[in-house]
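Participant: Each chain is listed here by its residues.
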Amino acid sequence: MSKIGVFICHCGENISATVDCERVAQELAKVEGVECAIDYKYMCSDPGQTIIKDAIREHHLDGVVVGACSPRMHEPTFRRACAEAGLNPYLCEIANLREHCSWVHEKGDATTNKAIDLVKMLVEKVKRNKPLESIKVPITKKALVIGGGIAGIQASLDIANAGHQVILVEKDPSIGGHMSQLSETFPTLDCSQCILTPRMVEVAQHPNITLYTYAELESLEGFIGNFTAKIRLKAKSVDYKKCTGCGACMQKCPQKKIPSEFNAGLGTRTAIYVPFPQAVPNKPVIDREHCNYYKRGKCKLCETACPTGAIEWDKEDEILTEQVGAIVVTTGFNVKGTDFFPEYGYGKYKDVITGLQFERLASASGPTFGEIRRPSDGTIPKKIVFIACAGSRDPAKGIPYCSKICCMYTAKHAMLYQHKVHDGESTVFYMDIRAGGKNYEEFVRRAIEEDHVNYVRGRVARVYEKDGKLIVKGVDTLLSGEQVEIEADMVVLATAGVANCGAEVLAQKMHISYDPYHFFAEAHPKLKPVETNTAGIFLAGACQAPKDIPETVGMASGAAVKVAGLFSNNELVREPLIAVVNRMPPPVFSTCVGCFMCQTACPYNAIEREEIKGRDGKVIKTVAKVNPGLCQGCGTCVAFCRSKSIDIQGYSNEQVFAEVMSLLNQ
Amino acid sequence: MNTTNSEFEPKIVAFVCNWCTYAGADLTGTSRLKYATNVKIVRFPCTGRIDFMLLLRAFAQGADGIIVSGCHPNDCHYTSGNFHARRRWITFRGLLDFMGIDVKRIQYSWVSAAEGAKWADVVNSTVANIRELGPYTEYKKVAEYLDKEDYNG
Ligand SMILES: Cc1cc2nc3c(=O)[nH]c(=O)nc-3n(C[C@H](O)[C@H](O)[C@H](O)COP(=O)(O)OP(=O)(O)OC[C@H]3O[C@@H](n4cnc5c(N)ncnc54)[C@H](O)[C@@H]3O)c2cc1C
Ligand code: SF4
Ligand code: SF4
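As you go down the protein sequences, you meet chains A and B in turn. Heads up: the first sequence is residues 1 to 666, going by our numbering. Heads up: the second sequence is residues 667 to 819, going by our numbering.
So that you can see chain A by itself, here it is in the shape it has in the complex (with noise of 0.2 Å):
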């Protein structure tokens, strides 16, 4: 017989103007089961609340109803006030008599009827709660980050400060991403480098940061707190314990036209090779793919050159183990090449660049030293046009989303023109400028008003070669609607940023979410949008979506500060409404039946497999387990399972029906 305390809270006027709550309370204390039923005008006073837990001593009360407002409002401090009176918190439930009920209907008999019924519902429910305890999981206070782009740099170094211990994984040969390739930076055009490298260099010396580059995530397991990660660190072929740094390898390496992935392919680079002269850290690997000895087995002039002996030519891929507690991602974008686009040249002509290529050019440590030339035959390009959204906003290109950094750093390459080139001509073709941010719009305006940057609003349909020079052939949609064309020495294209090759299995790996374009997808759209779906990682930068510096790096502090305030207590306490599979004495065990229809329900990949064996060791039957560090408590499972084997706690099959029931009989 369960011995049940109903409070019904006139909440001042707010429930008892419409509701007759001493009739409600009457009418529960008739309700089998119901022990007391009292009402009072402000159960979440002080007093109110001391009724209540007066009550659960008095009468040894193993539930409790509280008819009052919404539980989204007090909720949490009934069940204190429970918790306080040594009643299981989890065995107090919310009538809500004031949002679904007094404020919304006249008064009346039907609107205290429907109080009744409501507080009547709970009664039944709670008859059928269970005491729970939180969920307790304990946490290793490690992180691991990976990309090491400023978004990583940024997340790495917050989390590093707060006093975490960090594991920074980099696939290249240095971190720095792709800040480390631009020039100068909008809306203040401050060089990246000068910014940047500061932050690489503390990176690599802060005490709380273990930097693995030439690294790559191999798989993941676990869950938020206790994740075990396998990182790949690839055969640099130098031993870095050995190696000064000097670089004597380098000039003696005979392979010297392989093009410069830093240089965004203008400029050539060894096979034993730094990728920039301030890369993090500084010293050489070997790529394999290119290096004569790998190739034909011969050659070793780099190991001949190097002072120290540093040279391991048989130096294989390890595998390191490493237990994280949770997880930042931050690898990234790309952006297309030229040759996604056939009409603007076919990646053909020479002088048809991207932005990034452009950014290299104007770089003072690029190919040309920061001189704009053309890669054709290194003259001074005296006109040259910029065209933006190449590919964004072009569903025919399968791109229909907006890059939203090309409008502002299309601004800044034909400002930094300008300056370079003072005689030359700049053209803009734009469909829209997107300058939405602090100081942008003013940036723009700059680039055409002072430097008489010329914007065309049109589309470029195409561009060809005739007689040395690049024919750009447009439409301008604003002012007249006619036929643009221009004799250009360069074009530049504003490429779409796309997510990196390979995105969609780094996302499996880690069983997070992407979306169409194999952006890794946040948790929720507004309300989330570091998290993923899977509690414990976290996203950052232009892995989630292109985005500019501004905005990657408060994206990267806001997951560092996710992960600080994870890493702040020693346990992770969770609400412990979740799923659960039930267990059973042998020869049953469970009356799952293994179909797994959860486990592809469950947007969190909460479902586990779990062998029952017998005392042989033999397997006698595979159950479906829910992690409880993953599940969230939405409960899709439930109503996917069959068996009725899965419930979920707060909200089980159970107390659901005995609600619909109880509406209904009455």
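Simulated from the structure, these hints should not be mistaken for lab results. There may be inaccurate statements among the hints.
[Said to hold, decoys possible] Part of the chain B face toward chain A, derived, beta carbon under 10 Å: (1) Asp-692; (2) Ser-697; (3) Tyr-701; (4) Leu-720; (5) Pro-739; (6) Asn-740.
[As the list claims (entries may be wrong)] Under the rule of at most 30 Å between Cα atoms (straight-line distance), these lysine-lysine pairs were calculated in the DSSO-like manner: (7) A:Lys-469 to A:Lys-257; (8) B:Lys-784 to A:Lys-107; (9) B:Lys-770 to A:Lys-644; (10) A:Lys-130 to A:Lys-621; (11) A:Lys-136 to A:Lys-613; (12) B:Lys-784 to A:Lys-528; (13) A:Lys-526 to B:Lys-784; (14) A:Lys-136 to A:Lys-644; (15) A:Lys-621 to A:Lys-644; (16) A:Lys-3 to A:Lys-53; (17) A:Lys-562 to A:Lys-509; (18) A:Lys-107 to B:Lys-700; (19) A:Lys-130 to A:Lys-53; (20) A:Lys-625 to A:Lys-562; (21) A:Lys-466 to A:Lys-383; (22) A:Lys-300 to A:Lys-242; (23) B:Lys-700 to A:Lys-41; (24) A:Lys-625 to A:Lys-528.
[Claimed, not checked] Far from chain A, some chain B residues (derived; all Cβ distances over 12 Å): (25) Arg-759; (26) Leu-761; (27) Asp-763; (28) Met-765; (29) Gly-766; (30) Val-769; (31) Lys-770; (32) Ser-791; (33) Asn-795; (34) Gly-800.
Quick caveat: nothing in here was measured; it's all calculated off a predicted structure. Glycine is no exception: its CB is placed at the ideal position from the N, C-alpha and C atoms.
Take the given structure of chain A and dock chain B with the ligands to it, following the hints.
Facilitator: What follows is chain B with the ligands alone, placed relative to chain A:
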């Protein structure tokens, strides 16, 4: 079946999710918008949690109408629970036909936490529709069927 009956007070149960429609109905309250007293809300974490067999049970026990409401597509607190619910609803509709339950007795809708006024509309229009349809007297058939199938809730 009797048609319009002004005396008839339909019993309607609303199965709603905690994050969107329950909160939306709270907003109806804070906005003091009035609606009929016939609808009573049962709270679920997500529409994805709703086993549609429970709807049949509700009809068997004398519900005249049912509302199922959750977050709009893409707004689900749990990202995809409402898509599962929608898919289930589409299959379930076919089954309703087969069981001889008028689809019009179930109102399937999306009400967000910001749509207090929409919740009042959904309630009022459902009550009006069910009034029009009259009391649901054929539930026994369903009940018998369920008993035969030994469905245990
Ligand atoms: C042409 C151009 C000009 C721009 N100009 C500006 C500007 O002036 N101002 C501005 O604010 N923004 C500018 N941007 C945007 C800026 O580049 C981005 O905002 C910024 O680089 C995003 O940083 P990120 O760390 O998220 O990504 P990224 O810079 O792409 O860094 C990602 C890092 O992760 C690594 N990585 C990738 N995959 C893996 C993996 N699987 N495992 C391990 N590591 C991995 C990569 O090697 C890289 O180091 C420009 C962008 C372009 C294309
Ligand atoms: S062995 Fe390979 S890396 Fe070394 S110098 Fe020769 S080509 Fe370059
Ligand atoms: S309740 Fe939701 S999150 Fe938990 S196991 Fe079931 S489907 Fe997954």
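Participant: Against this structure, judge whether each hint is valid.
Facilitator: Okay, the hints, checked on the actual structure:
1. Interface hint status for Asp-692 of chain B: upheld, as the beta-carbon distance to the closest one in chain A is roughly 4 Å, under 10 Å.
2. The closest approach between the C-beta of Ser-697 of chain B and any C-beta of chain A is roughly 8 Å, which is under the 10 Å cut-off, so the hint is satisfied.
3. Look at Tyr-701 of chain B: its Cβ gets to within about 6 Å of chain A, closer than 10 Å, so that hint holds up.
4. Against a cut-off of 10 Å between C-beta atoms, the interface hint on Leu-720 of chain B holds, since the closest Cβ of chain A lies about 6 Å away.
5. The beta carbon of Pro-739 of chain B is not positioned within 10 Å of any beta carbon in chain A (closest approach about 12 Å), and the interface hint is therefore violated.
6. The criterion of a C-beta within 10 Å of any C-beta in chain A is met by Asn-740 of chain B, whose closest approach is roughly 7 Å, and the hint holds.
7. About 27 Å separates the Cα atoms of Lys-469 of chain A and Lys-257 of chain A, which keeps this hinted pair within 30 Å; it holds.
8. Under the criterion of a C-alpha separation no larger than 30 Å, the hint pairing Lys-784 of chain B with Lys-107 of chain A is consistent with the structure, at around 23 Å.
9. Under the criterion of a C-alpha separation no larger than 30 Å, the hint pairing Lys-770 of chain B with Lys-644 of chain A is consistent with the structure, at around 29 Å.
10. Proposed proximity of Lys-130 of chain A and Lys-621 of chain A is supported: the alpha carbons are some 28 Å apart, at most 30 Å.
11. For the proposed pair Lys-136 of chain A and Lys-613 of chain A, the alpha carbon gap of about 27 Å is at most 30 Å, so the pair holds.
12. Taken as a hint, the Lys-784 of chain B and Lys-528 of chain A pair is honoured in the structure, with Cα atoms around 26 Å apart against an allowance of 30 Å.
13. Restraint check for Lys-526 of chain A and Lys-784 of chain B: the C-alpha separation of about 22 Å stays at or below 30 Å, so the hint holds.
14. Restraint check for Lys-136 of chain A and Lys-644 of chain A: satisfied, since their Cα atoms lie roughly 26 Å apart, inside the 30 Å limit.
15. Between Lys-621 of chain A and Lys-644 of chain A the alpha-carbon distance is near 17 Å, which keeps this suggested pair within the 30 Å criterion.
16. Among the hinted pairs, Lys-3 of chain A with Lys-53 of chain A is consistent with the structure: their alpha-carbon atoms are about 14 Å apart, no more than 30 Å.
17. For the hint pairing Lys-562 of chain A with Lys-509 of chain A, the CA-to-CA distance comes to about 22 Å; that is within 30 Å, so the pair holds.
18. For the suggested pair Lys-107 of chain A and Lys-700 of chain B, the alpha carbons sit about 11 Å apart, so the restraint of at most 30 Å is met.
19. Only pairs whose Cα atoms come within 30 Å are accepted, and Lys-130 of chain A paired with Lys-53 of chain A is accepted, the gap being roughly 19 Å.
20. Of the supplied pair hints, the one linking Lys-625 of chain A and Lys-562 of chain A holds, its CA atoms being roughly 28 Å apart against a limit of 30 Å.
21. Using a Cα cut-off of 30 Å, the hinted pair Lys-466 of chain A and Lys-383 of chain A holds, with the two alpha carbons roughly 15 Å apart.
22. Simply put, Lys-300 of chain A and Lys-242 of chain A have alpha-carbon atoms about 17 Å apart, close enough for the 30 Å limit, and the pair holds.
23. A distance of roughly 24 Å separates the Cα atoms of Lys-700 of chain B and Lys-41 of chain A; the hinted pair therefore holds under the 30 Å criterion.
24. Taking the CA atoms of Lys-625 of chain A and Lys-528 of chain A, the gap is about 27 Å. The hint holds against a cut of 30 Å.
25. Annotated as non-interface, Arg-759 of chain B keeps its C-beta farther than 12 Å from every C-beta of chain A; the closest such distance is 16 Å.
26. No Cβ of chain A approaches the Cβ of Leu-761 of chain B within 12 Å, the least distance being about 14 Å, so the stated non-interface status holds.
27. The claim that Asp-763 of chain B lies off the interface holds: its Cβ sits roughly 21 Å from the closest Cβ of chain A, which is beyond the 12 Å cut-off.
28. At the 12 Å boundary, the C-beta of Met-765 of chain B stays outside the reach of chain A, the nearest C-beta of that chain being 18 Å off.
29. The beta carbon of Gly-766 of chain B is kept farther than 12 Å from every beta carbon of chain A, the shortest such distance being approximately 20 Å.
30. For Val-769 of chain B, the requirement that its beta carbon stay farther than 12 Å from each beta carbon of chain A is met, with the minimum near 20 Å.
31. Distance check on Lys-770 of chain B: its Cβ is at least 19 Å (rounded) from any Cβ of chain A, clearing the 12 Å threshold; non-interface status holds.
32. Here Ser-791 of chain B stays apart from chain A, with its beta-carbon at least about 15 Å from theirs, past the 12 Å limit.
33. Against chain A, the non-interface label of Asn-795 of chain B holds: every CB pair exceeds 12 Å, the least being about 19 Å.
34. Consistency note on Gly-800 of chain B: stated as away from chain A, and its beta-carbon is indeed over 12 Å from all of that chain's, at 17 Å minimum.
Violated hint: 5 only; the structure is consistent with all others.
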